[in-house]
Amino acid sequence: MIIAEQLSARLGGFRLEQVSFEVPEGSYGVVIGPAGSGKTTLLETVAGIITPTGGTLRIGGHDVRTLPPERRRIGLVYQHGYLFPHLSVEENIAYGAGAAGADSGADSGADAVAEVVARFELAPLLRRDVVSLSGGERQLVAIARALAMRPRILLLDEPFSALDPARRARTRREVRIIHREWQLTVLQVTHDFTEAGMLGDVAILLDKGRVLQSGRPEEVFRRPASPYIAEFLGAENVLSGTARLLEDVAPDWIDGAPPLEADGHHALEFSSGSLTLYTVGAVPSGGQVYAVIRAEEVVISRTPQASSARNLFRGHIREITRLGAYARVTLDVDGVPLVAALTARSVHELGLAEGVEAFATFKAMAVHLC
Amino acid sequence: MTGKRLPAVSAILSAIAASLLLLFLVAPIGELVVQGGAAGVRQLGRDAELRAALVLTGATATIATLLGVVTGTPVAYLLARRRFRGRAVLSAILDLPLVIPHPVAGIALLLVLGRESMVGQGLLLAGLRVVGTPIGIVCAMLFVSAPLFVSGAREAFARVDPRYEAVARTLGDDGWRVFRRITLPLAGRGLLASAVVMWARAVSEFGAIVILTYNPKTVSVLSFDRFTSYGLSEAIPVAAVLVLIALVPLALLRALRGERELHAGGMQ
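Quick note, the sequences are listed as chains L and F, same order. If you're matching positions, the first sequence starts at 20 in the numbering used here and goes up one per residue. If you're matching positions, the second sequence starts at 2 in the numbering used here and goes up one per residue.
Bound conformation, chain F alone:
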């Protein structure tokens, strides 16, 4: 009797805990969208600064994501497929930006890319200023969000059974052709999903960006600026717009995952 009752009690407790967590996560975001969503969309028409912030955020997040995909894909493949000395160290280094506070990441980037640093001076000589420009925003976004792409892409590659690649090799394809014709298409959805996660993380970044480039402002910096300069009521529509932007990749991600699960059902 007790044995039957226990699972029922634990199921009820789990349901209550899950509901509380869900409520805690959804309530603030829901409240923000309800209070400021419509106002934020309307404000887009008359608020040039918000429009500029939106374009800047989208463009810099996209550039950072492209850079992350181009440089992160080979690293992810290497980590998923090869066993080599220092693999664990490389893996830990790639996870480092995920565990340090983002303002600290901004300060670290400032040390390396600021005008006082050798790299910063070299870049200035080449006509590239990082601090206080969109380049700084891209660097901050890349630093904090690229590890998410590498981690997801690594998982996507690991999910591709190496025997598909082995068969393709025996059918006459060299390593690069196998990667292009087999590995990439099979890992494609996973890579795309990882890129979407990276983009979403880049869009929502604040801590590192605010250290490197306060102006021009991304939407996250603008919402903070409006809050500190004009109060909560002015910050709400801007923050709501940011939430709505973040929901687009989230919906895309759900669609991709749904398709992938369907697809994975009949492999081999």
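If we strip away everything but chain L, and leave its shape as in the complex, we get:
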């Protein structure tokens, strides 16, 4: 388990400021953030390479701020691998196996090396000079080297970026299996949102050295805490406007008062220009309110469809962007653009084209106010 509370660190002119997050024992955490947001600095602080200037860092229940890196049993894999160029691939992998801090003796150290070599199919590379390896091979060897010492925590800094798509999927799967089998706590830096959603139990969103939001990935993606986060996470529909509670005016689609257990959640009406959306949730604090609707949540049809969805709008298709099997359709609703993600097949079967009249539908629950 990794618990950071108000953790601060400094590297040259860059500051990591009062970072708080928690990655439970055996969980897979992903750190997402733009370049220069402090992702690598965060990993280096957790690994003990950078000494914190404030706050607390607890690993496995112990305060590790003064514990040197060699006694933390934390594997660290940098994006570029940093394989030791004066050693062979085999020597690199075996470097930390059976080390004083590792959870193994000499024999089990050799076993751990054999296991990771088999898992990542590295046997043909063992005698190679690391300088001759491709970028992807280096990343694989670097992951194997970190795992061969049987760490209790694995820190990965964009470890799959140099791998080809097939190898990336395979390696990601192997790391995931090891994570489960060894009950390994993993913290991985990525800027690939798909990867974050696929791998993560916990997502930590970092920007300019601060944590913007952390929590379950689906929660962070569906319910971003600010319009900046929403746009950063690739939410296509971020509308600014005003919100008001609907209970006051007794909406026709709610009977009576909400039940006690739903206290704090309200029916809301959100207006942005000529567009009025219905939603449920907590009332966001602050003056300006933003509504976030992910493009995947918007359904497009040629005729108005009767359904449980509370939001139905008529408009004209402004633009269709085809991206292979996927298409991004922008519907103009009285001057407000609404983006929907569709399969290319749906676009074809519905006969969608620029200028065509169409309807957009999404549930009240798909609208997140922040």
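Footprint (simulated), chain F over chain L, 3 or more residues, beta carbon under 8 Å:
#, segment
1, 54 to 67
2, 78 to 91
Calculated from the model, a selection of chain F residues having no Cβ within reach of chain L, i.e. all distances over 10 Å:
#, residue
3, 26
4, 29
5, 63
6, 75
7, 108
8, 128
9, 207
10, 211
Just so you know, the hints here were simulated from the structure itself, not pulled from any lab data. As the structure is a prediction and not an experimental result, all values here were calculated from the model. Quick reminder that beta carbons are idealized off the backbone N, C-alpha and C, glycines included.
Given the coordinates of chain L, work out where chain F should sit on it, guided by the hints.
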């Protein structure tokens, strides 16, 4: 049109300037080797004083270099890796011997290590005489050439990406093991090259040595002595031998640099 002509003109001017400088540097040395190289090598067989000077120069330069490497390596590492108060001052102090005239360095050393000084008297009590002995030669060589090693070694350490060391730390090595297993091998060629430069500088030192220890004579002092006592013709073979000795580390250095550049191409 003018824009195209200008680079061509500047390239020609640069080539002429470079050729003139090269000629100025190579011509005297080439002439010396051509005139006295063969004679110097032949003279080695029959000139016992030259042979003794050669052995003395090699031995004292080697001892000075070893001392420089042992004491200079930690300082170079410190300067390359740590940020601390007084770092700039330490750096400036280490560069000082490079900017003062070498006879002045000899006089300064004489003040500190001579028999009139406290250190000199202490050393005499311990049975060590500095002035007029090979110890004085080693001290003079160390003083003028150690900064070259520290400067080169510092650069060699700075070229090693600290992330290699960081990874090694996470793999279970403490600071000393990381230094031994990662930093030293990765900076090794740079350190060796710096030691070679230091050795070559020590071998060619004259100004500080002549103040501290005129006798026994190093090759540089001997060439000066032959010139002042017997004239140019007697000095040429001795000077040529010194040039030939200096060429050996220079060739070694080129080989090391070539390999390092090749090696650095595929790091990370």
